[in-house]
Amino acid sequence: MALLPILTAPDPRLKQKARPVGTVDADLVRLMDDMLETMYAAPGIGLAAPQVGVERRIIVVDIGKTEEDRAPICMANPEIVWVSDDDNTHEEGCLSVPDHYGQVVRPRVVRVRYLDRENEIREIEADGLLATVVQHEMDHLDGILFIDHLSALKRNMILRKLTKARKEAPVR
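So in our numbering, the last one in the sequence shown is 175, and the numbering has no gaps at all.
Honestly, the hints are just simulated from the structure, not real lab data.
Bear in mind the structure is a predicted one, so any value in this text is a computation, not a measurement.
Do not rely on the hints blindly, as some may be mistaken.
To be verified - In silico SDA-like cross-links for lysine to any residue, where the CA-CA straight-line distance does not exceed 25 Å: (1) K20 / E171; (2) K68 / M4; (3) K20 / R114; (4) K157 / D145; (5) K20 / I83; (6) K157 / R109; (7) K170 / R158; (8) K164 / E123; (9) K68 / D88; (10) K18 / A168.
Said to hold, decoys possible - Restraint-style ranges between C-beta atoms, simulated for each label pair: (11) R116 / D89: 15 to 25 Å; (12) E70 / E123: 24 to 34 Å; (13) R169 / D119: 15 to 25 Å; (14) G96 / A155: 30 to 40 Å; (15) E123 / I83: 40 to 50 Å; (16) N122 / E171: 22 to 32 Å.
Backbone N, C-alpha and C define an ideal beta-carbon position, used for all residues, glycine too.
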């Protein structure tokens with residue numbers, strides 16, 4: 004397994020729409036494993052392939068608070084097939100938008116269909132934080148960042164700060 008570099012906004016690759024996966028093969032399972040390792044090391048609770056520069060419809064999530072609680076979910080071609088009528092508001096952050104947070108409203112419960120690591124079609128019903136994380140990561144597959152759900156003023160302020168930080172960062 005390998006740690007992958009995480010792209011940060013305003014990198015234009017984060018705004019690209021990811022391509023569907025045909026079959027989950029050994030290479031994609033390896034990518035999923037690398038994404039999980041990268042997510043845990045960051046540390047984070049979700050990661051989408053576009054965040055590591057791969058334009059494929061793959062996400063990994065794990066909302067376990069400790070190593071013992073880990074229950075990773077790897078999804079290829081996830082699609083929401085049902086949403087609840089009631090919403091939740093969560094303060095969201097993102098590994099691609101470091102050190103910035105915002106209140107985002109999303110459906111409280113979603114049902115998601117996807118291909119798992121064995122290339123089998125699965126369906127899960129996600130509630131609360133898991134539903135938020137899955138929807139947040141799925142947004143990445145369509146080039147949407149959580150800051151796109153915020154007011155234009157707040158979004159532009161965050162993007163200016165990230166651009167400035169990038170310019171001031173030492174060259175490696």
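List of violated hint numbers, smallest to largest | Numbers 1, 8, 9, 13, 14, 15 and 16 - these are the hints that the structure violates, sorted from lowest upward.
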